[in-house]
Every structure is written in C-alpha cells, then in structure tokens.
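Letter by letter, the chains look like this.
Protein chains: 2
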Amino acid sequence: MFEEGAELKERHGPENVSDLSLGNPVTEPPAEFHRELKRLVENPPAGMHRYMANAGYAETRAAVAAQLSRETGIRFTLDDIVMACGAAGALNVVLKAILNQGDEVIIFAPYFPEYVNYIENHGGVARVLASDEQFVPRLDILEGALGVKARAVVINSPNNPTGVVYGEDFIRKLGGLLRRKAAQFGRQIFLISDEAYRRIIYDGLKYPYIWSHYEQSVVVTSHSKDLALPGERIGYIAVHPDCHQREELVAGLIHCNRVLGYVNAPALMQHLVRWLQSVTVAIADYQKKRDFLYRHLAEMGYSVIKPGGAFYLFPRSPIEDDVAFVRELQRRLVLTVPGRGFGTPGYFRIAYCVDDRTLEGSLDGFRRAAREFNLG
Amino acid sequence: MFEEGAELKERHGPENVSDLSLGNPVTEPPAEFHRELKRLVENPPAGMHRYMANAGYAETRAAVAAQLSRETGIRFTLDDIVMACGAAGALNVVLKAILNQGDEVIIFAPYFPEYVNYIENHGGVARVLASDEQFVPRLDILEGALGVKARAVVINSPNNPTGVVYGEDFIRKLGGLLRRKAAQFGRQIFLISDEAYRRIIYDGLKYPYIWSHYEQSVVVTSHSKDLALPGERIGYIAVHPDCHQREELVAGLIHCNRVLGYVNAPALMQHLVRWLQSVTVAIADYQKKRDFLYRHLAEMGYSVIKPGGAFYLFPRSPIEDDVAFVRELQRRLVLTVPGRGFGTPGYFRIAYCVDDRTLEGSLDGFRRAAREFNLG
Numbered sequence: 001m002f003e004e005g006a007e008l009k010e011r012h013g014p015e016n017v018s019d020l021s022l023g024n025p026v027t028e029p030p031a032e033f034h035r036e037l038k039r040l041v042e043n044p045p046a047g048m049h050r051y052m053a054n055a056g057y058a059e060t061r062a063a064v065a066a067q068l069s070r071e072t073g074i075r076f077t078l079d080d081i082v083m084a085c086g087a088a089g090a091l092n093v094v095l096k097a098i099l100n101q102g103d104e105v106i107i108f109a110p111y112f113p114e115y116v117n118y119i120e121n122h123g124g125v126a127r128v129l130a131s132d133e134q135f136v137p138r139l140d141i142l143e144g145a146l147g148v149k150a151r152a153v154v155i156n157s158p159n160n161p162t163g164v165v166y167g168e169d170f171i172r173k174l175g176g177l178l179r180r181k182a183a184q185f186g187r188q189i190f191l192i193s194d195e196a197y198r199r200i201i202y203d204g205l206k207y208p209y210i211w212s213h214y215e216q217s218v219v220v221t222s223h224s225k226d227l228a229l230p231g232e233r234i235g236y237i238a239v240h241p242d243c244h245q246r247e248e249l250v251a252g253l254i255h256c257n258r259v260l261g262y263v264n265a266p267a268l269m270q271h272l273v274r275w276l277q278s279v280t281v282a283i284a285d286y287q288k289k290r291d292f293l294y295r296h297l298a299e300m301g302y303s304v305i306k307p308g309g310a311f312y313l314f315p316r317s318p319i320e321d322d323v324a325f326v327r328e329l330q331r332r333l334v335l336t337v338p339g340r341g342f343g344t345p346g347y348f349r350i351a352y353c354v355d356d357r358t359l360e361g362s363l364d365g366f367r368r369a370a371r372e373f374n375l376g
Numbered sequence: 001m002f003e004e005g006a007e008l009k010e011r012h013g014p015e016n017v018s019d020l021s022l023g024n025p026v027t028e029p030p031a032e033f034h035r036e037l038k039r040l041v042e043n044p045p046a047g048m049h050r051y052m053a054n055a056g057y058a059e060t061r062a063a064v065a066a067q068l069s070r071e072t073g074i075r076f077t078l079d080d081i082v083m084a085c086g087a088a089g090a091l092n093v094v095l096k097a098i099l100n101q102g103d104e105v106i107i108f109a110p111y112f113p114e115y116v117n118y119i120e121n122h123g124g125v126a127r128v129l130a131s132d133e134q135f136v137p138r139l140d141i142l143e144g145a146l147g148v149k150a151r152a153v154v155i156n157s158p159n160n161p162t163g164v165v166y167g168e169d170f171i172r173k174l175g176g177l178l179r180r181k182a183a184q185f186g187r188q189i190f191l192i193s194d195e196a197y198r199r200i201i202y203d204g205l206k207y208p209y210i211w212s213h214y215e216q217s218v219v220v221t222s223h224s225k226d227l228a229l230p231g232e233r234i235g236y237i238a239v240h241p242d243c244h245q246r247e248e249l250v251a252g253l254i255h256c257n258r259v260l261g262y263v264n265a266p267a268l269m270q271h272l273v274r275w276l277q278s279v280t281v282a283i284a285d286y287q288k289k290r291d292f293l294y295r296h297l298a299e300m301g302y303s304v305i306k307p308g309g310a311f312y313l314f315p316r317s318p319i320e321d322d323v324a325f326v327r328e329l330q331r332r333l334v335l336t337v338p339g340r341g342f343g344t345p346g347y348f349r350i351a352y353c354v355d356d357r358t359l360e361g362s363l364d365g366f367r368r369a370a371r372e373f374n375l376g
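Line order of the protein sequences matches chains A and B. Residue numbering for the first sequence follows the numbering used here, beginning at 1 and increasing consecutively. Residue numbering for the second sequence follows the numbering used here, beginning at 1 and increasing consecutively.
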C-alpha cells in the first residue's frame, strides 16, 4: 500500500496527495534544541563522541530523573534510568531483560504492530486482548487472561493508533489487578508503559502516571515526538524506584542494552537532551490540528472518538472492510492505514502530524468518500 | 576487574593508572567531521531529524557505495548498502536476517566476546574454532568443522584483540573452502566480515578485501574507529552485489533493522558521514603508538606479535594464568584484559588507543612485571 501511495504521488504530484499514513511529524525540533546543538558544536567538550557507560551519561540520566521527580512527585535517581536508542530500543531491552522463553506478554488491540515483533524477538508470546468502545483495555478480559505464564502487560497512552489517554481510574484498577494476580501466582508481573506520546496531550489534561499505582513498573519512552527527533533514536527506560529487585533489573537492562548491540544511546543526542527535559514542541499546534480534523470528520458523519493526545484519529470505517475503505480514500488521494494493521479491523488510522495545507487538502477526499458511503 | 580498576584510579589518582583496557579511542574525530557538523548545524536542511526509510538516506548509502566501489574496483550501488547503528547493530541485523533456530555460526578464537551474545540473540549456535600461532584462523580445522548446520563464518580483520590483518592468500583460500562446502551441502554459507578496523592499518599495507574471493559475503562496519565516533552508533552493512538472492537478503536486512528496534541509523550522523567516506583519523599516530609499545615490550622480553592494524597488542602472558598476570599488572597500576575473555587463555590484550603520556606511564609497570616473571 505504501508503494501504491508513492506511485500516486508520482502520478498526481506529491502536493496533490494528502499523506496521513505516517507518524513522522513535519514539526521541526524546538528552538531550544537548535540553540543547545549550536552551543555544543561551538564548544565541544573533549571526548564528546566516545563510548560512555552502557547506561548512558550520568549527567543525562540525572537530568531525566530530576524531571521525572518534578513531574510525578516520586523520587527518581540516575540509578533508575537507562538511556536507550529510542522507545523501540528501550522496549526491546526491557523485554530481553525480563522474558524467559514462552513467557506471555499481554497487549491490547488496537496496538502498535511492532510490539508483536519485539516480544517475539526475545522468546515471548504476544497475547492480544480487546479494548472497549472507547479504546480502553478491558480489565474484565485481562483478569481472565492473566495466567501463570504472564510476565508483563504493555500499555501505550496516549495511544497509537487511537490517540486515547487512559484515565487515572483505569490505571489504578489495572495496578490493583496486577498486584492481586502477582500475589496469586507468586510471580512478578511487570507493567510496561510506552509513553512515547506522554507530553502530547490536550485540553489541559493531567497525565495519569502509572507510578503511584503499581511498583513493578517500567516506562519506555523517547524524544521522537516531544522534541520531534524520531530519526535520532534517543529515548530512555525509567524503572520504578520501589520495584522489586530494582538493582538486578537495572543491571540486566544495562547488560541487555550492550548484548543486543545497541551498546549505548547516541552520544551527541544524550548531551543535548540533558538540557531539554522540560522542553517540548508546540503542543497547541497539534491540538489545533486535532480540533480541525475531528470537527470536519464528525460533520461529514464519520464515527470518531475525540482523543486526548498523540497525533492520530482512529475513525470507524463506513464499510466493514477497512482495507477496502482505505483504498477508496486512496483513490481520492488521501493516504491512511487500515485498522487491521493495528489488530482492529473496521477502523482506519489518520496521522495528522502534517502541515495544515495537507490537512485541509484531505477534507475533499474524506468528504467525497463519506457521501459515497452514505454517511451524515 | 573493571570495578577494581575504577577503585585503583580512585586510590592512586587516575593520572597514575595506565588504563589500557578499553577500545575507546582518546582521539577526537578529524577536523573534516567538525567542519561538516558546523556546516550542517548552521544550515540545517528541513526535516533533518525525521524518520527516513529504514535502510537510511539514499544519499548516504550512495556515498558509501561510491567509496566502496573506488576502494575495491567492484561496482556497489546504494541498493547494496543498509545504514546501521554501529557495527554491533549491523551484525545483529545480519544474523537476525540469515539465521534459523539452531544454525551454526563459526567464529575463531581469539574473538570479540560479544559475538557469542549476538549469535545467541537470534537462535544461532556459536562454534569457536582455533587460530594458528600468528592468530590466523586454521582452515584445516574449519574444513572439518563446516557441517550441514553451518550458516555463516564471521571473520574480523584487523582483529580485536590481536590487531592481526589476514592476508590475501588466506582470504582466497577461505573463499574457496566456503564455496566447496556450500556446493557440497547445497546450502548458502555466508561470510560475514567485521571490518570495524579496516582503515586502521599500518606499514603501507593494502587491505585484503573479501569481495573478490567470495560472493555470498556481507561486510559489517562502523565509523567508531576510523572517524572516532564510537558513542554515536553509526555504521553500515554492505552486501556483495553478486550475492545469491541479493534483493531478498537486503529486504530482509531492512526489515530486521526495523523489527529489532534499531529502526534506522541516527539521522544526523548519517547526514555527516555522507561527506566523510574518504576521511579517517590520523592513522600514523596509531602506528607510532604501536611501534613504541611493541618495541618496548619486545625489549622487556614479552612474546608479542607485531600486528598490522587496529590498536591492540595481544602478548603471551609470562605465566600460564592470564587472569593472575593481569592482576599482577594491575598491582603495578597497568590495566589490561585477560585473553580468556576473548576465548584464548594464556594471553592478554593491550589497547593502545590512549594518549602518549598514558602509554609511556605504562612502561614501568610492564617492566617490573617482566622482571618479576623472569622475562628477557
């Protein structure tokens, strides 16, 4: 389908195709990033590009810990932080460190499709459970599914592909359930929270952290979205300070960062993000894009949840076959992704992290498809 | 032992401890690197930090291909190149792409110890074979060991830990042997050449490339040593243009770069190395350090091969127990690594990629240990 998209751009001119298929923000990194980069390049510290400890620079880890402490009110230190090659690297390191062959890792549809690859890379078995109509994981189903082989549950909020932010109440109940089940089986069950979009939330929402609700927890995240640096592969792992066997776990993470061949997060980016922990791209711009597209799609008759974060919408497909509908949109020069790619057929994903012209340009295609399929 | 080293530095002052234990060059990247970095930072192209194709920027891959073509006389195109997160990332991607569960990968002692981890990451079985007295792999042993489960042979020249550069004649014979065995078993056997130190060779040596001698071959390498960027994790995979099923292999490599969570080689570094393919650090400086240390060690009575490249020496331990001898050196404030860490007990590794003062400072400790153990 990507190739068909490229062909469309070739044929019609890229400016006439609205590509809403990729979570690759057009936003540039914030001014603070450029300022720090300039400062660093003009006065490079000796050895700036050398190996450091596999966990990353102590100064960067301390800066991450300080920021997390400020945000959450929980006291993190640099010993709770391992710098990683993006959230993808971070998640692979965590899974390698905690999984034994055949351990189950639970994920919830719709999910970021690479999760299944990452789990299988390390001998794990992905178990996909359902979410409710609001795209929030079904805890009643989770309760039945958590068995003696469960080693971890992965959540992702704000969510890719839905943009939904899980509420505090959900997190609290999830923590309680995991604690009960861990006690029942006499086995640690990890909660892994993929927070790549944590800073991209709207409407004055307060982000519901997992930290207060479950101790056996690990966050994986990156600066791909909040600083618009997806190509630079810079992120981190944060371990709950009260996690059982925290020291052994962190030592395992550092070891796995090395043996998986990541070795360390890129040095120059570590130097930079040290100073940028409280900085983000302009979130209000994303919110405007969400509001604009949500309003128009709802007016056209699409059934779509207004999500609290990330930069995706996940409307219901007007026809049952989401692949067929995505092809219909494609014929109208709008590129999106079928929901079945995220484990949820019958929906499609729109990535609105594009410039406003592209967004405006997509309306006509969405509108014509809506009319064709008798929406509104 | 590393912790003991850190403790020694604490107690005696770091300037009084000669740390020759790490392949982490003190050399700064060449002036050309800083010039390009400045140029890039002053005129950043739009979208410089965004995701690109998982294979890397076409322009960077084309620059790598052009350089390889110039060096080798074989015509590479960008379709033969995949940018990777260092040679470690590159090797993991290759192994993931070619290994089935239980496939054997042959390595030769002494070897870079992470090879075993990398092979096991992807379900492979590492088979360690012996080298001769000159630290060149024994082809007679390889001939007997290559069985129906063999999927790949990994070589590393210039070698870590010995510094030895394998000769053209050896590569030719190795290619011939692999071709015969592959035909015998009706099965592709890959030659994977880890060339992280390719540019760091001395005495006007001409590097013996594998390309002319075996088609089913893949090179993994990085700019960690030749541009002194080990912390930045920038390297690449090059596939022989005449490799059997080359397109499928390259597609597999790109896929594995993604699913292993590397996603892509760091964007900014890709932008830079595009312009630096013919640039290296000052190799003559390393040669001087090799000459200096080799001469002194030989004079003291150490049995040591004068290697043609990299920045390591691998002398025989004056006592059988290399760990005990490394401890003796440590007591004399010289830090090295026991040979058994590289699969070859009875030797120890010296990394001379340090400043001249550190190198000079180490002589006294080496000399006193030599006298203690009746060398010379």
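Hints listed in this document are in silico derivations from the structure and should not be mistaken for laboratory results. We put the CB at the ideal spot given by N, CA and C, even for glycine. Among the hints, a few may not be true.
Which chain B residues face chain A? A few, computed with CB under 7 Å, are given here [to be verified]: (1) TYR51; (2) ASN92; (3) LEU229; (4) VAL263.
Result set (DSBU-like, lysine-lysine): computed pairs, CA atoms no more than 35 Å apart in a straight line [unchecked claim]: (5) LYS289(A) with LYS206(A); (6) LYS306(B) with LYS9(B); (7) LYS173(B) with LYS149(A); (8) LYS38(B) with LYS38(A); (9) LYS149(B) with LYS173(B); (10) LYS173(B) with LYS38(B).
Enumerated hints in conflict with the structure, sorted upward:
When the structure is compared with the hints, numbers 7 and 10 turn out to be violated.
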